[in-house]
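*Asks:* Sequence:
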Amino acid sequence: MYRFRAMNTNIETFYLGSKHCQQTEAWFHHVEKTLSRFLLESELSQLNRTENTPFLASDVLYEAVTTADRFYHETEGIFNPYLGREICQLGYDQSFEKIAAGKATSYNRDQLSCTKEKPIEIDDKMRFITIHGALIDLGGIGKGWTAQQAANQLQKKKVAYGGIAAGGDIIVWGKPKEKWNITISTPESWEKKLFSFKLDRPAGIATSSTIRRSWKDHNGKTFHHILDPRTCQSANTDLVQASVIAPDLITAEVYAKCMIILGWEKGMEWIAGKRTDLGIIGVKTDHSIVTGGTIRCYSSEGLIYFE
Numbered sequence: 043m044y045r046f047r048a049m050n051t052n053i054e055t056f057y058l059g060s061k062h063c064q065q066t067e068a069w070f071h072h073v074e075k076t077l078s079r080f081l082l083e084s085e086l087s088q089l090n091r092t093e094n095t096p097f098l099a100s101d102v103l104y105e106a107v108t109t110a111d112r113f114y115h116e117t118e119g120i121f122n123p124y125l126g127r128e129i130c131q132l133g134y135d136q137s138f139e140k141i142a143a144g145k146a147t148s149y150n151r152d153q154l155s156c157t158k159e160k161p162i163e164i165d166d167k168m169r170f171i172t173i174h175g176a177l178i179d180l181g182g183i184g185k186g187w188t189a190q191q192a193a194n195q196l197q198k199k200k201v202a203y204g205g206i207a208a209g210g211d212i213i214v215w216g217k218p219k220e221k222w223n224i225t226i227s228t229p230e231s232w233e234k235k236l237f238s239f240k241l242d243r244p245a246g247i248a249t250s251s252t253i254r255r256s257w258k259d260h261n262g263k264t265f266h267h268i269l270d271p272r273t274c275q276s277a278n279t280d281l282v283q284a285s286v287i288a289p290d291l292i293t294a295e296v297y298a299k300c301m302i303i304l305g306w307e308k309g310m311e312w313i314a315g316k317r318t319d320l321g322i323i324g325v326k327t328d329h330s331i332v333t334g335g336t337i338r339c340y341s342s343e344g345l346i347y348f349e
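Per the working numbering, the sequence shown starts with residue 43, numbered consecutively.
Simulated from the structure, these hints should not be mistaken for lab results.
Values in this document were obtained by computation on a predicted structure and should not be read as measured data.
A few of these clues could be false.
Said to hold, decoys possible - When the alpha-carbon atoms are kept at most 30 angstroms apart in a straight line, the in silico DSSO-like pairs for lysine-lysine are as follows:
1. K221 x K234
2. K235 x K258
3. K198 x K167
4. K61 x K199
5. K219 x K200
6. K75 x K160
Turn these sequences into a full structure, and let the hints steer you where they fit.
*Replies:* Pasting the structure below:
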């Protein structure tokens, strides 16, 4: 295992040689410098400072934004990468370790509105991105996209099998001698393990929690980073954590967020009409664990719970 720090989380690689580990680390740092909304001179920050003006994007920015936009339309706006201004107004206007060290900034939230008829335009031929009244926040999908792209490139280089774990995101490919053993932590702590499962095939696994990245404002009100685009507020449902197993990590990342926003029953009903290739595990507010979708297609042995 090789470990490094990027995108405000620990990144770990598995079964990779030294050269490929270093290449993966360099790739994560490069993407972070390009896509972070917390770095003033990142390309994403430069794009967010434009308004109604075509912006010629680099390959990294263009591919990440177009991927996020595709899922925005696929999920009919439940996954919404255009709420950068709204998440800042709720207090998440700086990297999370700075928020965790003190109370978040107070803002006037009376004018919050998530309704944007056409937040951006993308010119596929010229590779221009034009923003209309929105700020792009790639957040979790940016991390998942980075890990997925790293995995794709390593497979092109004939790396037969390997894995990358980035916070709550995991991508594995190929088949090592032993089955991939995936461990999911509790909603409250990365250190406390909740359950594990063995994968029968390569997959992307993403876990979203409303607790780990939560904060209080100066009035003592608690917020978390997963916004419901219908209310412009932190999602408030019967789920405090959702894990999704999918053929790729980006899909898993997006639909884990959607489950948190919609809640268990509505989320499962909604996903059933869109994707039939997802395994879903939820942790409810009463700490009960619920499962659904095609988990058995990924893990025939099922979940193993920690005491």
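*Asks:* Are the hints correct? Go through all of them and say.
*Replies:* Cross-check of the supplied hints:
Restraint check: the Cα-Cα separation between K221 and K234 comes to about 22 angstroms, which is no more than 30 angstroms; the hinted pair holds. Our distance criterion of 30 angstroms between C-alpha atoms is met by K235 and K258, whose separation comes to about 26 angstroms. Straight-line distance between C-alpha atoms of K198 and K167 comes to about 26 angstroms, which keeps the hinted pair within the 30 angstroms bound. This hinted pair checks out: K61 and K199 have alpha carbons roughly 12 angstroms apart, not beyond 30 angstroms.
Note on K219 and K200: the hinted pairing holds, with a Cα-Cα distance of about 17 angstroms set against a maximum of 30 angstroms. For the hint pairing K75 with K160, the CA-to-CA distance comes to about 27 angstroms; that is within 30 angstroms, so the pair holds.
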